[in-house]
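From these two lone chains plus the hints, build me the complex, please.
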Amino acid sequence: MRALRELGCRRTLGRLPLFVGGDLDDRVARAVSAHLRSCQSCRREASAQLQAKNALADAVAATVVPGVDEALFVELHQRVLERVATAAPTAPRQWGRRAAIAVAAGTLFGLGWLAARPDGGLLGRTPIHAAGAAHRGSDSFAGPTLQPLGHDVMWRFVRHAEASDSSGLGLMGRLMLRTLEDEEPAMAGDLFDEPSVSPAGPPAVPPSVAPAPAAPSSAAPPRHQTTRR
Amino acid sequence: MLKRPVDDRLPRGLPAQVERMAAASGVSDAELVRGTVEGDTDAFAALVARYQKRSFWVAFHVLGRVEDARDVTQEAFVRLFRSLDKYDYARSFYTWFYRIVMNLAIDLLRKQKSARATSLDDLNGSVGDTPGDGTDAVELAEQNGQVWQVLGKLDAKFRTVLVLRDIHGMSCREIAPILKVTHATVRWRLHRGRRVFREHWERLQGRTTP
Chain L
2 MRALRELGCR RTLGRLPLFV GGDLDDRVAR AVSAHLRSCQ SCRREASAQL QAKNALADAV
62 AATVVPGVDE ALFVELHQRV LERVATAAPT APRQWGRRAA IAVAAGTLFG LGWLAARPDG
122 GLLGRTPIHA AGAAHRGSDS FAGPTLQPLG HDVMWRFVRH AEASDSSGLG LMGRLMLRTL
182 EDEEPAMAGD LFDEPSVSPA GPPAVPPSVA PAPAAPSSAA PPRHQTTRR
Chain U
763 MLKRPVDDRL PRGLPAQVER MAAASGVSDA ELVRGTVEGD TDAFAALVAR YQKRSFWVAF
823 HVLGRVEDAR DVTQEAFVRL FRSLDKYDYA RSFYTWFYRI VMNLAIDLLR KQKSARATSL
883 DDLNGSVGDT PGDGTDAVEL AEQNGQVWQV LGKLDAKFRT VLVLRDIHGM SCREIAPILK
943 VTHATVRWRL HRGRRVFREH WERLQGRTTP
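From first to last, the protein sequence lines stand for chains L and U.
Residue numbering for the first sequence follows this note's numbering, starting at 2 and increasing by one per position.
Residue numbering for the second sequence follows this note's numbering, starting at 763 and increasing by one per position.
Pulled out of the complex, with its shape left as it was, chain U reads as follows (with noise of 0.2 Å):
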């Protein structure tokens, strides 16, 4: 399993009983979930606790704006929960979830993307810097900067799929079922986005370097 570069933990100042809930590793998803069609409120809370940051996070590598992202979040959970009913108990929770969380995300790319191209711009201004001081850390964020850049030229097949696999250390088949194809699909797509990532990205370099 790769690194899990986001933040995943639970947020602050949540009620003591939802954050019980959330953070009990007894109280599976599935019990949540059951909890929160019965009625129980604080069921729900735990289940966002623990599913808003992941959620957020990948909508915003998928999108690479702070307030689409958020909305996207947002939109998921009242989906998730207007769907809750309709939950199979016998399959993962957090594969439903994030299928919608990325449906959600891939609509609002590609009408962004009918609507304007996504540029330098817009990734350079969501992303901020990375912290440390002096020439290294200038170095580093204009890297950084440029790989924004490529994955925001990607398309949005390629990028969802880069984004869960090398970004969130998904496993091809945990992706399949998320994007709704095949095993081998997923596969396909994470072979050709690499090498349009890789094409780009040394590209971008061999502009930059002298």
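Next up, chain L with everything else stripped away, as it sits in the complex (with noise of 0.2 Å):
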């Protein structure tokens, strides 16, 4: 074993909080205990440090705990023992807890799936205009084909006369949900369409024979029809 080369005061200071309690490998503790035996102040922190270390050891050996007795441990191994009995394998508390945290993950999967598909998905679909912003002066408009969850259906605006935002059209009470037109129209028309539409759904027409605007109610004409012209 190579020894150590002699340390200085530093390194055996640094070195003292361990080597009080022997913590120290052979080769370095040697080499402490050298400098110690020609260092005067040096041995006097290592008995400090000493003196620190022992006491601890010490008061607690010498300390009586009250409340601590041979009862304590009879009537604590009676406990365990009890406890023990009771106690399933596993508690099903954590069972219930990963449960939950397995539902959970599978929302979240099946929403981000639903989401981020190849074929479009919620985030591939074109935007929702703002009702009215692109078909003013028309009463009743199909927005841009989407591509909703299921492909057959799309958005179709409905512009009423009793709207009365400022772009005339309310919020959710303005979107119909509709079948695609060219696609099962009649299951579209029961669904979705209004009374007065017929019941083998809208037919594809085009914008300039689209239906009539609705009357506007005489009380409270939409603002945008007002300001519009």
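Hints are computed from structural coordinates only; laboratory data are not their basis.
Nothing here was measured: the structure is a model prediction, and the numbers come from that model.
Check the hints yourself; a few may be wrong.
[As the list claims (entries may be wrong)] Keeping only pairs whose Cα atoms sit at most 27 Å apart, straight-line, the calculated BS3-like set for lysine-lysine is:
#, chain 1, residue 1, chain 2, residue 2
1, U, Lys-915, U, Lys-942
2, L, Lys-54, U, Lys-875
3, U, Lys-919, U, Lys-873
4, L, Lys-54, U, Lys-848
5, U, Lys-915, U, Lys-875
6, U, Lys-919, U, Lys-942
7, U, Lys-875, U, Lys-848
8, U, Lys-942, U, Lys-848
9, U, Lys-915, L, Lys-54
10, L, Lys-54, U, Lys-942
[Stated by the list, open to error] Far from chain U, by Cβ distances over 10 Å, these chain L residues were calculated:
#, residue
11, Ala-32
12, Ser-34
13, Ser-39
14, Ala-58
15, Arg-84
16, Ala-86
17, Leu-115
We treat Cβ as the ideally placed atom computed from N, Cα and C, and that holds for glycine.
Dropping the structure here:
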């Protein structure tokens, strides 16, 4: 084993906390001992460090803790065995939590798949236009064909005369889900059309022959009609 | 090996069968674990008897309160029981069990520290006088109180290492897997913990001695 070079005071002092507990390896401990033999100030430091370390162990050994006696341990032993007798190998609460995490993860995955699937998904859809922005002047229009969840429906915006916002359209009440006019029109008519529209579904009519606008309420005409004209 | 200042004898009043198993040096911890996994309740009772005092004292020296130490010990045994089927028989049982105890104790210590600072009153409220009578005993009790006060001021990571090394006499190599840190980290914490302990202790002594 290679002998360690003689240690100076600074390096010795840095090793004293471990030296006093016997936690240095032999080679380093011998070098520290050698320095301590020749250096009185370091020896004083080592003595103070050792005193503090021994104070801890001595205090613990000498202290009687009230309330800790054989009766406490007998009771502790019994209580542990009682609890263990009723304890399941795995806490049921953990299973509940795991199930909740699994459901949440599955939901997030599903939503993520719907949003980002290769054929477009929610992210690939044409954004819904602000109703009325692209078709001002007409009362009813078919919005751009979107790609909603089933590829078989489109959003149809119907402007109602009683709209009270600045565009002349409300929000939720004016969004109606309709099937694509060229796909399953009968079903679309049954489900989504207004009573005035043919039950067979709205015909694919050009915008020029779109149905006439609904009569505006005489009490409160929509603002867009008055401002636009 | 340092002396062990805690009483780790078996508790009294155990059923004869359990006491025999717990006291038998020929019956290893691993055998008791295997017996427990196979449904032998006496084997688990023997494990509890072997380790309950040690785990209680470790928890007490970290936490400084009897009630907390008792609760931590109890909970540690319950967790141990629930996870015995995961025990790696190639490894030391007591390292594994001490890790459970220390994790619970450190968690509780941090919760307590975040709720309120551990004060001298808390520690003195838990620890009684030293045995003996007369002036020497009073002085000794006062000195011990200072030690507890200083220990209560230390950060949890230093306190745990000091408790395991300087009070319970474990080696740094034994402590490392219990605290799930490297051997070098244990040595560094021990080095730093002893320095900080000494600084606080000397400051307190300088304040109290004329």
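Hints, verified against the model:
With a CA separation close to 23 Å, the supplied pair Lys-915 (chain U) and Lys-942 (chain U) stays within the 27 Å bound. The suggested pairing of Lys-54 (chain L) with Lys-875 (chain U) holds, with an alpha-carbon distance near 25 Å, which does not exceed 27 Å. The suggested pairing of Lys-919 (chain U) with Lys-873 (chain U) holds, with an alpha-carbon distance near 14 Å, which does not exceed 27 Å. A threshold of 27 Å between alpha carbons decides the hint, and for Lys-54 (chain L) with Lys-848 (chain U) the separation of about 38 Å lies outside it, so the pair is violated.
Restraint check: the Cα-Cα separation between Lys-915 (chain U) and Lys-875 (chain U) comes to about 10 Å, which is no more than 27 Å; the hinted pair holds. The straight-line distance between the Cα atoms of Lys-919 (chain U) and Lys-942 (chain U) is roughly 12 Å, inside the 27 Å bound, and the hint therefore holds. Among the hinted pairs, Lys-875 (chain U) with Lys-848 (chain U) is inconsistent with the structure: their alpha-carbon atoms are about 32 Å apart, more than 27 Å. For the hint pairing Lys-942 (chain U) with Lys-848 (chain U), the CA-to-CA distance comes to about 17 Å; that is within 27 Å, so the pair holds.
Between the alpha carbons of Lys-915 (chain U) and Lys-54 (chain L) the distance comes to roughly 16 Å, so the proposed pair stays at or under 27 Å and holds. The straight-line distance between the Cα atoms of Lys-54 (chain L) and Lys-942 (chain U) is roughly 24 Å, inside the 27 Å bound, and the hint therefore holds. The claim that Ala-32 (chain L) is not at the interface with chain U holds, since no C-beta of that chain comes within 10 Å of its own (minimum 17 Å). Residue placement check: Ser-34 (chain L) keeps its beta carbon more than 10 Å from all beta carbons of chain U (closest about 18 Å).
With a cut of 10 Å on Cβ distances, Ser-39 (chain L) stays outside the contact zone with chain U, its closest approach being about 23 Å. A beta-carbon of chain U is positioned within 10 Å of the beta-carbon of Ala-58 (chain L); the least distance is around 5 Å. Chain U draws Arg-84 (chain L) into its interface by the beta-carbon criterion, the shortest separation being 5 Å against a cut-off of 10 Å. A cut-off of 10 Å between C-beta atoms contradicts the statement that Ala-86 (chain L) is not in contact with chain U; the least separation is 8 Å.
The Cβ of Leu-115 (chain L) sits about 39 Å from the closest Cβ of chain U, beyond the 10 Å cut-off, so the non-interface label holds.
Comparing the model with each earlier hint shows violations of hints 4, 7, 14, 15, 16; every other hint is respected.
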